[in-house]
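Let the hints inform the model, and build the full structure from the sequences given.
For reference, the chains in residue letters:
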Amino acid sequence: MVQKHFTVKNAQGFHMRPATNFATAMAAHPCSVIIRFNGKEVNAKSPMLIMAACIKVGSEIDVVCDGEGENEALAAAAAMIESGFGE
Amino acid sequence: MIKGTAASDGIGIGRILLLEETALVYTPHTVDDPAAEVERFRRAVDALVEETTRDAAALRRTAGEKEALIMEGHISLINDPALKGETENLIMGGQCAEAAYETMCDMFIGIFSSMEDEMMRQRAADVRDIKAGLLRILLGVKDVKVSDAPKGTVLLTKELTPSVTAGIKKGNIVGIITETGGKTSHSAILARALEIPAVLSVPNATGILKNDQPVIVDGSAGLVIPDPSFDELAHYTDKRERFLKERAELEKFRGRRTKGADGAEYELVCNIGKPDDAEKVIEFDGEGVGLFRTEFLFMDRSSVPTEEEQFAAYQKAALVLKGKPLIIRTLDIGGDKEIPYMGLEKEENPFMGFRAIRYCLKKKDLFRTQLRAILRASAFGDIKIMFPLITCVEELREAKAIIEDIKKELALLGIPFDRNIDVGIMVETAAAAALADVLAKEAAFFSIGTNDLTGYTMACDRGNANVAYLYSALQPAVLRMIERTIRCGREAGIPVGMCGEAAANAKLIPLLISFGLTEFSVSAPSVLRVRKCISRWSKEEADRVAEKAMTLSTEKEVSEYLESVI
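First to last, the sequence lines map onto chains A and B.
Here the first sequence is numbered in our numbering, starting from 617 and rising by one per residue.
Here the second sequence is numbered in our numbering, starting from 112 and rising by one per residue.
Simulated from the structure, these hints should not be mistaken for laboratory data.
Some hints could be false.
[What the hints assert, rightly or not] Okay, derived cross-link-like pairs now, DSSO-like style, lysine-lysine, Cα gap no bigger than 27 Å in a straight line: (1) A:625 x B:177; (2) A:672 x B:667; (3) B:321 x B:385.
[What the hints assert, rightly or not] Below, a sample of chain B positions facing chain A; criterion: calculated Cβ distance under 10 Å: (4) 187; (5) 191; (6) 238; (7) 240; (8) 243; (9) 384; (10) 404; (11) 406; (12) 409; (13) 416; (14) 420; (15) 426; (16) 580.
Keep in mind it's a predicted model, so treat the numbers as computed, not measured.
Virtual Cβ for every residue (Gly too), placed ideally from N, Cα, C.
The structure is reproduced here in structure tokens:
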């Protein structure tokens, strides 16, 4: 299991487009991907659950990857979140 | 006559097509063969994905790329592993596919509807849309085909969903009426993208209005007129002709440079308040941004935005504008606004008090953070910095010294930024206008803020009904302030713009051209109208009007004279 802490910095947080792009990217990895936020665990392969978590700019989150290809998945997650989803 | 929200300009005259929500009735039951039911559910999901893909392609042709992307977003929601997986779990527990899917969708609709964020609340509409779509397929119910609607159809529906919109043929649908949605709702954006007049939020419209009823939709005034009289028909037919003529006339100015009748060129840019608004600038054909208010970044939150957050916002606007100029105004905030974490005290006289540049020069950390974020963003576009409420040279010097200091820091760290970034000022106080000759030597540009300049010059609060009559940019005193500011800028060889409401005022435009204004910054929807206004004035003709106007003694005389020449 690998994990990393992030502060969400794109102005819109995880709204429709970032949530969808993020979930689609994570779905391509065989390992499980979870976002820990506000004491909750969210399946990061589901855009609906990500949006329902209401993650905004400035939110503190942990991304946890577990299983086959976990390092690649975490690196891909970090690249997307840290670039602010190219916004 | 029924009143609603004016959401998309224009007049539509036609007959109503009521899009009733097709009754999606089923009896929840337990299934004997859950595995087969899961298969039935999966086939319906595949069919809906296929249908939605087709709708997105149709929408791309009629309403544009952005709308198509939203429709394509539906596909990710339909395919959502949590939604699908949980539905299948319920089916495996014995529920029928319809009941299982409805339960899961309603759960998400509930979550999204209760969110504070307007954008997220709209996701509830998306989920309702896909829920109806999937139930329709499962139940084998045929959809009312909007695409078969005859010419002269006014669509009446509770909510304009993207899947309904995808079926709209522009030539046939002449108006839209809905029960929900405001000016910024998705229905409104879609209607505007299709250029179809729309009145939204008409309470109980689907109850009051009937299928096939003759109706007039006035999307500019937000009125719906069922069973119009002969006189009403004549009046609105005429109004529609005028509207269409004017729109066609304005459309001719799209994609053109802003030029006077003599070929002199001007810059026509926009005022924006959020990075997202930069997209509107492009949509309405603005040539850049003359005023990006940064206050929004600081409001509705509990702490000062970080440098990273600010950088992301400024960078986003710069990237959307793709090299077009972007003037960012540093924080303009004071005792008249409630921002708890900023420690602003209630003041007796907030407009004369501790605000804007005065506040920033005292709160150096906050100011430096903002300037650093702007400088970093300047590597991504043509960004300029503008200080608000300057009244004396010392303020400008001190603020510029801070910028130079941050530039050194960034250079040392090897962080890219525009080394030659222009630093200018708002001229919005009587002091700055009086001192314009001196300030012009140290500012790279001026931008006249007519709203505050009028208030400060006339010593009048436009919100106070007893003195509001004094508040006009056409007051001879205000005109003299404007004329002097532009002249001093011109003599010093720096560009002078205007970012108040007056820049879009047809009466004032000839005077501004005569005085030598080089940049007009207006709200995005005004761009084409102002470009057209400017196009009819040569410098020579504007000079004649200005010469006469400046001899007049009262606001009333000035206003009446200018009215007579435009």
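>> The hint names residue 416 (chain B) as touching chain A; please verify it with the least Cβ-Cβ distance against 10 Å.
In response: Constraint on residue 416 (chain B) satisfied, holds at 8 Å.
> Regarding the pair residue 625 (chain A) and residue 177 (chain B), is the alpha-carbon distance no greater than 27 Å?
Replying inline: holds (24 Å)
>> Min Cβ distance, residue 409 (chain B) to chain A: is it shorter than 10 Å?
In response: violated (13 Å)
>> For residue 321 (chain B) and residue 385 (chain B), compute the direct alpha-carbon distance and say whether it is at most 27 Å.
In response: violated (41 Å)
>> Please check whether residue 384 (chain B) passes as an interface residue: C-beta within 10 Å of a C-beta belonging to chain A.
In response: violated (13 Å)
>> Tell me if the interface restraint on residue 191 (chain B) is satisfied: Cβ within less than 10 Å of some Cβ in chain A.
In response: holds (5 Å)
> Close enough to count: is the Cβ of residue 187 (chain B) nearer than 10 Å to one in chain A?
Replying inline: holds (4 Å)
> Regarding the hint that residue 426 (chain B) lies at the interface with chain A, is the smallest CB-CB distance below 10 Å?
Replying inline: holds (8 Å)
> Does the nearest C-beta of chain A fall within a distance shorter than 10 Å of the C-beta of residue 580 (chain B)?
Replying inline: violated (41 Å)
> Do the alpha carbons of residue 672 (chain A) and residue 667 (chain B) lie within 27 Å of each other, as the hint requires?
Replying inline: violated (51 Å)
>> residue 243 (chain B) was flagged as interface toward chain A. Is the shortest Cβ-Cβ separation under 10 Å?
In response: violated (17 Å)
>> Is the interface hint satisfied for residue 240 (chain B)? The criterion is a beta-carbon contact with chain A at less than 10 Å.
In response: violated (13 Å)
Of the hints listed earlier, those the structure fails to meet are numbers 2, 3, 7, 8, 9, 10, 11, 12 and 16, in rising order.
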